[in-house]
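Chemist: Residue numbers (our numbering): 359 to 502.
I should point out that these hints are in silico values taken from the structure, not numbers from a laboratory.
All of these numbers come straight from a predicted model, not from anything done at the bench.
Quick reminder that beta carbons are idealized off the backbone N, C-alpha and C, glycines included.
Check each hint, because a few of them may be wrong.
The calculated label-pair distances, taken between Cβ atoms and stated as ranges, are [claimed, not checked]:
1) 443 x 360: 38 to 44 angstroms
2) 362 x 451: 35 to 41 angstroms
3) 391 x 443: 26 to 32 angstroms
4) 362 x 410: 34 to 40 angstroms
5) 403 x 370: 25 to 31 angstroms
6) 388 x 410: 19 to 25 angstroms
7) 405 x 360: 40 to 46 angstroms
8) 362 x 458: 21 to 27 angstroms
9) 484 x 362: 33 to 39 angstroms
10) 440 x 402: 18 to 24 angstroms
11) 369 x 439: 17 to 23 angstroms
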Amino acid sequence: MKTKGPLIARWILGLIFFVFGLNGFFNFIPMPETMPEKMATFMGGLMASQYFFPLLMGSEVVCGALLLIGAFVPLALIVLAPIIINIFLTHAFLDSSGLPMVIFIGLLEIYLAFFAQPYSAIVKQIFRCPMKEKISSKSANERT
């Protein structure tokens, strides 16, 4: 019997990024009234660049949609990885109030990318080390 864990994790992660990516364009979830000064400065810088925030939100919408429909899931997970790391570091250093949610998102990403079948095999293949395999096969041949 197949487990529903990867499907549920994929839908949750996809929904989070799809909704919050769309929110970056349409602002239907209001920003908090009070924000730490460092976080406000950081967000102001992202907005002032005029290209980065739309690129980030567009990436979130596309990857969230890919996760929701189940297309190109390993690609979506790889594109989302640096975004999730940056969100984690932003909350770790500038505003710790969002840290529990980011940790949850990170755990979903790690689960899908490295433990859930069928995605983990593809992601692990991308991160394999050919030199390590070459050395391993050479040492195995020497033993025989």
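Chemist: None of the hints should be skipped; say for each whether it holds.
Modeler: Outcome of the hint check:
1. The supplied range of 38 to 44 angstroms is broken by residue 443 and residue 360, whose beta-carbon atoms lie about 30 angstroms from each other.
2. Between residue 362 and residue 451, the C-beta spacing of about 36 angstroms keeps the proposed range 35 to 41 angstroms intact.
3. At roughly 28 angstroms, the beta-carbon separation of residue 391 and residue 443 lies within the given 26 to 32 angstroms, and the hint holds.
4. Evaluation of the 34 to 40 angstroms hint for residue 362 and residue 410 yields a pass: the beta carbon distance comes to about 37 angstroms.
5. Distance hint for residue 403 and residue 370: a CB-CB separation of about 30 angstroms, consistent with the stated range 25 to 31 angstroms.
6. One distance hint, 19 to 25 angstroms for the beta-carbon pair residue 388 and residue 410, holds here, with the actual separation near 21 angstroms.
7. Under the hint 40 to 46 angstroms, the C-beta atoms of residue 405 and residue 360, about 44 angstroms apart, fit the expected range.
8. In this structure the hint that residue 362 and residue 458 lie 21 to 27 angstroms apart at CB holds, the actual value being about 24 angstroms.
9. Judged by the Cβ atoms, the range 33 to 39 angstroms given for residue 484 and residue 362 is violated: they are separated by roughly 25 angstroms.
10. Take residue 440 and residue 402: their Cβ atoms lie about 22 angstroms apart, and the range 18 to 24 angstroms holds.
11. Against the hinted window of 17 to 23 angstroms, the Cβ-Cβ separation of residue 369 and residue 439 comes to about 19 angstroms, which satisfies the hint.
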